[in-house]
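S.K.: Here the protein sequences line up with chains W and G, keeping their order.
Here the first sequence is numbered in the working numbering, starting from 4 and rising by one per residue.
Here the second sequence is numbered in the working numbering, starting from 37 and rising by one per residue.
Hints are computed from structural coordinates only; laboratory data are not their basis.
Only a predicted model underlies this, so the values are computations on that prediction, with no experimental measurement involved.
There's no promise every hint is true.
Facing chain G, according to a computed beta carbon distance under 7 Å, are these residues of chain W, among others [what the hints assert, rightly or not]:
1) Pro81
2) Phe150
3) Glu290
4) Gln388
Interface residues of chain W toward chain G, partial, derived using beta-carbon atoms under 10 Å [to be verified]:
5) Asn74
6) Asn103
7) Gln135
8) Ala136
9) Asn289
10) Tyr306
11) Gln309
12) Asp326
13) Ala394
14) Ala398
Glycine included, each C-beta is placed from N, C-alpha and C at the ideal position.
Below, each chain spelled out in residue letters.
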Amino acid sequence: MNFQLAKGVQVTIHENQKFQTNLVSCHFLGDFKQANATEMVLLSRVLMHGCLAYPHSDQLSQALADRYGANLQIQSAPLGQWQQLEATLAFVQPDSTQDNLKSCLKLLKQVLQRSLLLDERLGKSAFNIEKQALASELFDNQSDHEFQAYQLTKAAFFKQEPSLSRLGQAATGNRQDLKAMTFTRLKQLYQQIIATWRLEITVVTSTPTSSWRSLLQQYLPFSRRQIVLQDSAFVNFSKATSRVQTAQRDFVGQQSRLCLAYKLPTPITLVQRDHLRLLTYLLGQNEQALLFTEIREKRGWVYDIQASFNPFFGWLMIEAGLDATYLRMLPDLIEEQFKYIEQGQLNAAWLNTQKTGLKASHLLAQDSVVWLNQRLLQTALWPHQQRLESAFVQAIDTISAVDLSQAVASLQLEVVTMLTGKQVAHG
Amino acid sequence: MVRFTLPNGLTIQLLKKTGFVGQFAAVMVDFGGLDRQLSDGSSLPAGTAHFIEHQLFNKQNGDISARFATNQASTNAFTSPSKTAYYFESVNQLPENLDLLAQLVGEPYFRVASVDNERGIIGQEIDLYQDQPDWQLETGLMQKLFAQQPLAEDIAGSKQSIALITPAILKAAYQTYYQPQRMQVVVVGDFSVDQLQQYFVESKYWSALSQTKSPIALTKKIIEPPLMPLQQTETQITKLALGWRLQIPMTLPAMIGWQLDLELILTILFGETSFFLRKYRDLGLIDDRFQFQTIVERSSGYLMMTMNTPDPLKCQSVIEQELAKMATTVTPESFSRIQKQAEGQVLFSRDALSDLGLETAELAFYHWSPAQVAQYLHKRTRQDSLTQVQKFIENSQAESFQLLGGDLKSWYN
C-alpha cells in the first residue's frame, strides 16, 4: 500500500504478521551536490545525540530503552547521485495495544523535527562533541587496511570524472571536510533536509495498513515540499577509461590487500543489471564462486576474496587479502577467470547451480525485515522496475553463458590498488 | 519447541517458525580452541579444532558445500573457544540438506595434500587477524588473563602451531571429540515437526554417528612451540583493554545466570543509557568504540572492556571507580528500565532464524533454553543481580593491556 501524506512526502507500507520487529524509516533524498559525505555523517551523529526533549545521549537512549529497547539508527546512505539521510526506528509491540507504536512515532518526530540544532547552546555543544567523536573514528580508521584499500580505490575510480569526483569521498567522512565544518552550515543543512528534501517513509508493520494514514498524520506529520532532485540516482560516465589507474602503498603488517574496480556500462538497463548481478555472484559471493574455488581452495593464496557490484556508483569491485608474495600475480589470475567467462564456455551444470544459489539467496532475504524495508524504498523510488518474485526467477533463469560473456566484455578495469604489508624486523 | 535424543546420544531441537521462508539447521560440537588434550593426556597443537572445521568440508568426492549448493543451500561453520558449529540455510529440500549436514560432521576425510593446502589458507586467516589492532588488543589481554592456558592463544592457532598439524592429529582429535553425545542439533523453520522428528528417527546418516570408547592414540608426541609474542601492528589511536577473570568454580547452568546478571548491571553502568558513557564520551576520554563483553566458555568466565582513549590510566581509574559504586548507580528505576529493554530484545531476537538456532544450541550445553533466559531476565531483582556482580568483581583476577598509538590532536590539526 502507498499514499501521499503531503506533497513530496510519500508513504509505502508492508503489512506482515510473521515478524516481531516493526520498522518505520524516513528516507530524505537530495542531490549529491547539496552536501558532502562528512556533512551528512556529522548531521546523522548530531541527530542521534539527542533532541530538545532529550538533550543528552544517555537521555535519548533511556527513552528508547523505555520503549522496550526500540532501536534508532540515523545514517547517511548515499544512492549514487542521490544523497540519503535515513532514520529508522525498529520496535516491538509486546501487547495488543498500539501504545508502544504511538510512543515510538512521537519519539521519532522529536528526534527529526525538534533537533538540538534548533537551540544555539545545546546544538553547539552536541556539534562539538560529535565532531570530536567523528575525528576519533576517522583517526582509528587509518589502521584499517581493508578500508584504506577500498577507499583509495573509490577515490581513484571517480578521479577521471570531475563532475562525479565528490562520489569518491569516503562515506565515513574525511578530516579536511570535518575541520571545515561549522555549526551554522550544519544547522542550515538540517533545516534544508527536513523541510525540502524528497521524503519517502517506509513501514514494515504488523499493524493494519488502514490505520497508518491517521497514525502518521497525528504522530509523525511532515510539511509539503517542492522537490528538486536529479532524475536518476545512477551515475552516467561521460568518458571511457583512458588508462588503468594504480594506487600503491606500503604499511606495517602481515597481509597485503588488493582491490580492483571495474567500470560498468552506463546508463545501465535492468537486464544488464541482472546479468552483472549473476556475474558478481558467480565470481565471488559464495563458496562455489570462481574466485573462491580457483584462488582460495585450489591454490591457497588467500583467505578472503570477494566480489561486489553497485549499479548506483557504476562499479564492480574485487577485494582480497593475501601474502605479499602473491600480490602482483593475483590480478593476472583474476583476469584469467574473466577470460574464461568471456569465452562463453562455462559449465552448464555449474552455471545452473550458481543461478539456483542466487535465486535462493533472494528468497531467503524475505525473512529479513531490513531487506523488506529496503525493497519498499526501491518500490517507492522505481516502481516500474519492481517485479514479482517469479519474474526475478525467470530473469535469472534465462541468463546464458553468452550473456555473461557479454557482461564481462562490457566491463572496463579502471583501478588497481595494492597495499603491501611489510613486516618490521624485531631485535 | 520439540526436543528429543536419539539412541546414539545425539540431542535434537526443532523450532517451528510459521511463515518464514528459510530453513536453518546447525550441528554444534562441544569442541573448540581451548580443547588441547586427547583422552590419553597427549596434547594437540593450538588451532586443531579450527583446522578440523576447515577440513571437514573436504570429502572424497570433493567439497561438500558444492552438494549443498545444488540443493539451494549455503553452508558455513565457525569455531569458538569451546564449540565448533556447522550450519546451512536453505529454502527447501530440508531432509536432503540435513543428510548432507550429517555427512559433513560424520565423514572425515583428512589427506596430506588437502591439509597442506589448508595450512596456507589458515595462515592467511591468521595474518588477517594479526593486522587488526582490535584483535591484537583482545589477544594481548587474553594472554595476561589466561597466561599459559589455551584461552591465551587464538582459536586459529599460530603459523608455528598449525605447521605441526597432520592428518593423524586431526583424526585423533576428531575421534575423541566428534561424538554424538557431545553434539546438539537445532533446526529452525516452517516445517511439520512430526515429519521432521520421524526423519531423524529413521535417518541412516544421523544414526551412523557413533560413540567411540577408545579413540586412536597419537604415536608421536607433539612438542608445542612457545607462545609467540604479538607481532604488533600499527595503531593510530591508543587502545586499552581491561579484563576480569572469574576465579571461583561454578556449575555450567550457574555460568549463564551469572552472565545474564553481568549483562544487566553492566548495561546500566556502562551502556548507552549510562551517565558514565555520556560523561566520558562527551569529554573525549572514550569514543564510540567503547564496549564490554561478558563471555562464558564452559566453566571459564570473564568480562572484557575495550576502548580507544588518549589517557589509559585515567580511563582505567574512572571505570574502577564506577564499578566500586555500582550499588548507588543501579537504582530500582534504572534496573526496571533495562529489564524492559531486555524484554524487547528477546522479541527482536525471534526474527533471526540463524541467531535463534545457534543460541538455542549453545544454551543447551549449559542446560538452558532461550525461553528460560527470557524468564530469568524478567524475574530477576535488582538486589539479586547486584549481589552476583559484586561477588564476581570481588572474586576476579583483573588485568589490563594497552596498544600505544599516536596523538589524535596532532593528526587532526
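S.K.: Would you pick out the hints that fail for this structure and give their numbers low to high?
M.R.: 1, 2, 4, 11, 13, 14
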